[in-house]
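Residue numbers (the working numbering), protein chains in the order written: chain A, 424 to 536; chain B, 722 to 832.
Treat each hint with caution, since some may be false.
Far from chain B, by Cβ distances over 12 Å, these chain A residues were calculated [stated by the list, open to error]:
1. 434
2. 463
3. 465
4. 481
5. 507
6. 522
7. 523
8. 535
Stretch-level coverage of chain B by chain A, calculated; a stretch enters the list once three of its residues show a Cβ under 8 Å from a Cβ in chain A [unchecked claim]:
9. 766 to 773
10. 790 to 801
Keep in mind that the hints were calculated from the coordinates and are not lab data.
From the three backbone atoms N, C-alpha and C, an ideal C-beta is built for every residue, glycine too.
Next come the chains, spelled out residue by residue.
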Amino acid sequence: EAGVTQFPSHSVIEKGQTVTLRCDPISGHDNLYWYRRVMGKEIKFLLHFVKESKQDESGMPNNRFLAERTGGTYSTLKVQPAELEDSGVYFCASSQVGTDTQYFGPGTRLTVL
Amino acid sequence: QKEVEQNSGPLSVPEGAIASLNCTYSDRVSQSFFWYRQYSGKSPELIMSIYSNGDKEDGRFTAQLNKASQYVSLLIRDSQPSDSATYLCAVNDVYGNKLVFGAGTILRVKS
């Protein structure tokens, strides 16, 4: 069974540009999470989808970040416009409803110059 | 005070020794605790979960939980060079099921 996949693995953009990250959860996992790790800090929660609904977006840093999960399958996280402090590794995780074991993807390393 | 605290290390142990990794958490009502292993540039990989006070063993790994002291640890017996990685302690937020992570402990097992 395929694990959580993320695309791209790396992205380098200029300040002010837009970037869209994609996450494909494990098939059948209705819970989907986004996390972020900035340099030297711990991994921090961004938001949680249950199917296509946003269950908790308390960790989203500001309105430059937009997450979607149309159809309850894959999810995208758009940063527009990107700022220098958005650089870091963005992780996606998924889990089955009713369980709290989250499986992580390999992450997307975002560098904003 | 950070919600989940770990010693960043690096913790260096010789091959075959026991590695002891520690974690404390601040939210007294937390119920679920996890240890993830992360190799450089790779995804965090779940190695242990623990929910009740006491010890839980899985192969060379033992997780220990003490809710009264708000303390969770991971013991790795017969440490191997392949165990060298960053170990992340995570606690389930009781208000949802998002994970709160510590900054991780770097473990180096020397052959």
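- request: Identify every previously stated hint that the structure contradicts and give their numbers, smallest first.
  value: Structure breaks hints 2, 3, 4, 6, 7, 10.
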